[in-house]
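> Sequences listed follow chains A and B, in order. Everything in the first sequence is counted per the numbering used here, starting at 1 for the first residue and increasing by one. Everything in the second sequence is counted per the numbering used here, starting at 1 for the first residue and increasing by one.
Any given hint could be a false lead.
Unchecked claim - Which residues of chain A face chain B? A partial, calculated answer using Cβ under 8 Å:
1) Leu17
2) Val80
3) Ala122
4) Gly143
5) Asp162
6) Leu187
7) Phe235
8) Gly253
9) Lys287
10) Phe293
11) Gln303
Rather than coming from a laboratory, the hints here were simulated on the basis of the structure. Please read these numbers as outputs of a predicted model, since none were measured by experiment. For every residue, glycine included, the Cβ atom is placed at its ideal position computed from N, Cα and C.
Protein chains: 2
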Amino acid sequence: MSASSPLVETPCEYLSLPALVQLLQAILQRHGCSAEVARCLAQNCAVAERDGSHSHGIFRIPGYISTLDSGWVDGRALPVVEDVAPAFVRVDAANGFAQPALAVGRELLVRKARAAGIAVLAIRNSHHFAALWPDVEPFAEEGLVALSVVNSMTCVVPHGADRPLFGTNPIAFAAPQAKGQPIVFDLATSTIAHGDVQIAASKGERLPPGIGVDSLGQPTQDPRAILEGGALLPFGGHKGSALSMMVELLCAGLTGGHFSFEFDWSNHPGAKTPWTGQLLIVIDPSKGGGQDFAERSQELVRQMHAVGLKRLPGERRHWQRARSQERGIAIACERLEQLRALAQG
Amino acid sequence: MSASSPLVETPCEYLSLPALVQLLQAILQRHGCSAEVARCLAQNCAVAERDGSHSHGIFRIPGYISTLDSGWVDGRALPVVEDVAPAFVRVDAANGFAQPALAVGRELLVRKARAAGIAVLAIRNSHHFAALWPDVEPFAEEGLVALSVVNSMTCVVPHGADRPLFGTNPIAFAAPQAKGQPIVFDLATSTIAHGDVQIAASKGERLPPGIGVDSLGQPTQDPRAILEGGALLPFGGHKGSALSMMVELLCAGLTGGHFSFEFDWSNHPGAKTPWTGQLLIVIDPSKGGGQDFAERSQELVRQMHAVGLKRLPGERRHWQRARSQERGIAIACERLEQLRALAQG
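Okay, chain A solo, but in the shape it has when bound (with noise of 0.2 Å):
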């Protein structure tokens, strides 16, 4: 759903990731983020666009502008780390966004896992608006395997009941490929991504049967009526329900974060981001038995080749990153104009 934009279709200029990051930044810093704060999201968005996730990438802009607009969120939080166990790392973003709490545990979380074969990475008073993968791709790039999960806020009716309670409550984890990129895939337990909800809203298209429900609880495909009031499904009935479930308990009963359902942002009006929590695992693969991980993980996608995979998952992603290395990030002329007048202006 995510993949063409019209904004790509359109393009007007290339830019390269550092000058696309230096104009989020600028953005950012304008509207209240810490220039480090600023810098962490501006990569993070930049990457997601350089990578064809649009629904992660410049579209996010607005939302973030508003929410700190709103005062809801922290742009200037400093995250802080607790060292609780030989392989347990608490982060209190101090209602700042999870990306710079993850960035300020990183490191002790790696050191953590490779002494000790596994470790978990426990963020809590985050906000998260932004794609999951480029939180846990780093770790494989490095060798190592990685798990993250983050819970958001109240859009999702769990399988069985009449109103929705869960997050979009993504998945995303990553693996080191011998030969080759990680092993990554980001899936929202939501049928579908909200940001993708929203871009089909902005676009004025109808999403396929089975994607969510309106304000009364009615099917619907009207991305409209699922952002008024309406919810989605989890994907996969009662299983992605469970897995929805899951990243509930681990994101804010393990973390000490808020629930999708705990967080009232009513006196802020324009606060766009979830106000939670999110767990990352990381393990080292070379306390494994047997052969090295990533000759072994090169296997496994060199047998799924073998019985007709054409794609693997991420693998839009690495190419479309290829693509934006070679020429630079296609932004659409219109897009850019905005970007650089909230620069400035």
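Start from chain A and add chain B according to the hints.
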């Protein structure tokens, strides 16, 4: 699907759990298991039957016998525990069953999880022929959070591929709840579990559409066509497929066990048990931030009921367990006779 076996509809005798364990243990010992392995598998199988998991209860006994008689699995294997790192335990199941391997590694795993905050148990060279939830639920009863995955045997077509490669590759999760039973789920990443296909075939029932394909890769609702050269599909399309791939990577890549497609049992007619690996991750939630975890999970359950959820994952099993504890485990006369004959003959 597995809820209503005709075996339960026409019971003739009610056995206590110890009586059923003893009977199953006698059968397994007669077919080549050591007393210790037989007791471990019998307990697992009887508990599944007690809790109404009929596809993984006494229904599995002929399969156990067949695979043991074929010489494919070592019913007397002595698993070897390797203490690899402060939070990493490996067990070589030595071509035996996975449950005895978990049993010998369990204490060290729990000790590490409590000390380090999280720990992993990587079992390789193992045969898992049972439900997965009995492996995780006991951790939640001790106040720990547990996640386990196990790969199986090629019978699932990766989303976007033409031919099967993955196993049914279940994911099980368990978490404590303050005033109530642990929250537990166990879901195959295939549309349905292999045991449920076998039960449907034995009852001559058709399956719902979208479950699997025949030997030509064409959609079928005939369970026999799936079992005889056909295959299942992943649940939830590309998302379930990605999770199934993750299970392969964690259970084979990381443990040193076989991928679902790697073992060759053609020289062992009657072999039934996949020779793969299993991963367990155990987290000590007392290391997490905020309120007591079990209180938090109880709050989530309360809210799930508040939005209209009638039955939580695992709740049917707990209900059935209470019923079995009250009146005994219902076993149909004919089946009980068969079991008694197997224990003696």
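> Confirm or reject each hint.
Hint-by-hint comparison with the structure:
Given the 8 Å rule on beta carbons, the hint for A:Leu17 is violated: about 27 Å separates it from the nearest Cβ of chain B. Interface hint status for A:Val80: violated, as the beta-carbon distance to the closest one in chain B is roughly 11 Å, over 8 Å. Given hint, A:Ala122 at the interface with chain B, holds; its Cβ is 6 Å from that chain's nearest Cβ, closer than 8 Å. Contact between A:Gly143 and chain B, as hinted, is not supported at the beta carbon level, the nearest pair being about 12 Å apart and thus beyond 8 Å.
For A:Asp162, the shortest C-beta to C-beta distance to chain B is roughly 3 Å, which falls under 8 Å, so the interface hint holds. Among the interface hints, the one on A:Leu187 holds; its C-beta lies about 5 Å from the nearest C-beta in chain B, closer than the 8 Å criterion. The closest approach between the C-beta of A:Phe235 and any C-beta of chain B is roughly 5 Å, which is under the 8 Å cut-off, so the hint is satisfied. The beta carbon of A:Gly253 is positioned within 8 Å of a beta carbon in chain B (closest approach about 4 Å), and the interface hint is therefore held.
The interface hint given for A:Lys287 holds, since its Cβ lies 4 Å from the closest Cβ of chain B, which is under the 8 Å cut-off. Taking 8 Å as the C-beta contact cut-off toward chain B, the hint placing A:Phe293 at the interface holds, the least distance being around 5 Å. The restraint placing A:Gln303 at the interface with chain B holds, with a minimum CB-CB distance near 6 Å, inside the 8 Å limit.
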